[in-house]
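In case you want the letters, here they are:
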Amino acid sequence: MKGVKIGLEIHEQLDTKSKLFCACPTDYREAEPNKSICPVCTGQPGSKPFGVNEKAVNAVIKIAMALNCKIVTNRPVQIRRKHYIYPDLPSGYQRTSEPIGTEGELNNVQIHEVHLEEDPGRFFLREGFVDLNRSGTPLIEITTEPVFDSPQHAREWLEKLASVLAYLDVTKKEEGTMRIDANISLNNGSKVEIKNINSFRNVEKALAFEITRQEDLLRRGLIVDRETRHFDEKMILTSPSRKKETEEDYRHMPDPDIPPLLIKKELAEKTKETLPELPQSKAKRFVKQYQLSGQNAENMVSDPYTADVFENVAKTVDPVIASNWFVGQLKKTLNYNSMTLRDSKITEKQLASLLKLVERQKITERAAELTLREMVLRPEEPAKIIENLGLLEFGDLNTIVKEILDKNEKAVNDYKTGRKEAFEYLVGQVMKITKGSADPETIRKALKRGAELK
Amino acid sequence: MKLNEKVSRYLEKIPKSKLNAFISINKNAEKDAEKIQRKIDTNAAGRLAGYVLAIKDNIAVSGMRLTCASKMLENYVSPYDATVVKRIIAEDGLIIGKTNMDEFACGASGETSYFGATLNPSDEKRVPGGSSSGSAAVVAAGLCDVSLGSDTGGSIRCPSSFCGVLGFKPTYGTVSRYGLVDMAMSLDQIGPITKTVSDAALVLSVINGSDGMDNTAIKTKEDYTKFAKQKITGIKIGVVGEFFDGCDHNVEKNVRDGVEILKSEGAKIVDVSVPKTPIAVPAYYLNMFAEFSSAMQKFDGLKYGFRKEGKDLNDTVAESRSSLGEEVKRRILLGTYITMKEFRGKWYSTALKARESIRHEMRAALKKCDLLAGPTMPFTAFKLGDKIKDPVEMYLSDILTVSANLSGLPAASVPLEVKGMPVGMQLHADTGSDGKILFAAAAYERASK
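Taken in order, these protein sequences are the chains called A and B.
For the first sequence, counting from 1, position 54 maps to 54 in our numbering; every step adds exactly one.
For the second sequence, counting from 1, position 55 maps to 55 in our numbering; every step adds exactly one.
These aren't lab readings, by the way, just hints derived from the structure by calculation.
Hints may contain errors.
[As the list claims (entries may be wrong)] Covered stretches of chain A, going by a simulated chain B footprint (3 or more residues, C-beta under 8 Å):
{"id": "1", "stretch": "42-49"}
{"id": "2", "stretch": "79-85"}
{"id": "3", "stretch": "90-102"}
{"id": "4", "stretch": "256-269"}
Ideal placement from N, C-alpha and C gives every residue a C-beta, glycine not left out.
All chains, please: the whole structure from these sequences, using the hints.
This is the structure we're talking about:
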């Protein structure tokens, strides 16, 4: 899209056992409201931060490294206070660090900076209820340069980012922990920020709405205000936020309770060594090592678990056949059931056995598909599923075809003299017996081969 | 005397006192006394067994009100103990009550409390000094044995000087601030107010030391009681000329006499200079206002404390905050202004630079000697109402105490033997050399008796 400039700010919870500035656990989802709390994370008078959770700092360094950032090691990193008043913010300020990583890059998108901050609690406006279990949970904030030229580009990149985070294994796994602010300007006009979007699809939708809205204003000769807006998921539109705050209002200042962080160069270097193979390089390796298509490779590496299972399956099954199944039927079946491969609990061994049957043409593709559908729901050895479902293996099909050909000599002869209806009759006979467990194409092939031998 | 008898006597005496020095009394004091006495009887008691302590009402004691002498927290009951309180209780110290103070520690006279001014035990028409007004007054008046105060710009030393007791502000980080309600976080420090040096050393020995709950607490644990017994022969005391500028003649004379006594005890006296003393007050106030406005942000009436409904969220916060006193509001407004300007990199950072230059000068002076000596306050306790209408004049009275906070140094006000209103001699030492102050103070105490 011409003249569209989009930048993203991504907030994701870090997977630490305790909160950023106190010893409370971060598993607030399981806890009753206001049970995972203490004087520190509820802002009781006189409480002080215990210090900065080192695991959270290390997690940010790891992510910054994976996003090819420069780690700030040459100067102290201050923890700063950002002041505003809201019921979910017990101390009246949010603590955020100065950038820990800067000038990064992922998939040709420039990362402006990466830093650490604390999550506020949760305010349920309608109920007038505040739950402070979340208060003080460590967050990473990743800010990109305004380099996306379309809502779709933004969404696709977010998926890449999510994939990298999944590989690093230092962020929360639960759904819906990621929150995104998107800023957008048209033709270098005013920047509008859409706050607190909770999914990649909604980022795309919110931005698409915003482009339409702004284009409409511009077409009518009106001005786009520089403002903060919120995305309404149900109405699929954005509306201006009531609160208007400037940076000055936040009164940013260094937190006097917390000495600045000093990140050692050696720590940054050591962290780099511990980085796992990341999706981009893994995809390249898959193409080279297994002769996969680039598309198949990219598709499979987006989830580290799937990539690992694939590699193990590829030890005993032809990698190309396996990858086609991974990105084809397997993915389709999992998506249909809204689950991931990990959720399905299918074992590598089960998958490998099934794909071996396909590879050796022991079962038809159709039968394999049906087996897979069952396997996703109730994982078991494929042989057992095939038996339970009464599915045919290839050997059985050939026997049936032979039987039918033997029984229907007249039809075979008619077919050989060029009568198409006769062949369709034979196909129908086989299908009747196989009850749909073999696909028509396989039956046709088997019949043709069988008839020719006659 | 058994502890329960001692406590009963205090409990009888306190309500009769007109000083208005306590805000809350520990309802379990007599029960606590019996418990501790049983330990004393079986030789199982801690180091503070037998001591009756009062705690400034900006330090959290679980189950007791933590008012900060403000309407905002009039009914706030602390759900937890400050680290210093935990340590006192662990050593069997008995907490008798919470003391009056300037509201949220904002004041140098003890007059800004929502619960009314504290009076000076030496002259009830005069202020006791602030902000730890009650903590100094109760010790001076014999309403308890020792007390804890907090010191951000002189809040322990000023009232100690005005009431004639020993007030000790340790090196920043020596005592955990966990449970001390924030005033200016980079300056706040808890310390003892006592009648004797050995009591100060004992209390300090109990409360100091690293704490996982305060990131600024330094990682040591010291026994200060040994310092109170050392001789001062050969110790070098620097008398700071600038500390006497604009000082009352009577105060100057008493302090110089005090220095002479230390000399006669074997100390070597030298003259030193801290020329930047005049910028200490503006540097301090800018710094403190900025941090204070941030610290006060949590008192919004939404979670705890005084609440008055408004037409919307912001209005409710504004209405609730209207309960704060004039001096507190003034400081919040000034601090808010400063921190808003800070976004453009102006005032707070400049104040921090000024602070750094004062720290540099103070420590340079302490390279030439072991202790710096001078008056704690430029004058003795003034009359109630004399300065309260003129905030700038009140602020200027902190000129001699704020440098210790700005520099993170330990400093104490040592009560001098005087006729008339009490005068304090202030001693500063270098970071971590708190013990040197104690043994000089002990030498003075021995010589003057």
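Going down the list of hints, with the structure as the test:
no.: 1; hint: 42-49; verdict: holds (count 8)
no.: 2; hint: 79-85; verdict: holds (count 3)
no.: 3; hint: 90-102; verdict: holds (count 4)
no.: 4; hint: 256-269; verdict: holds (count 4)
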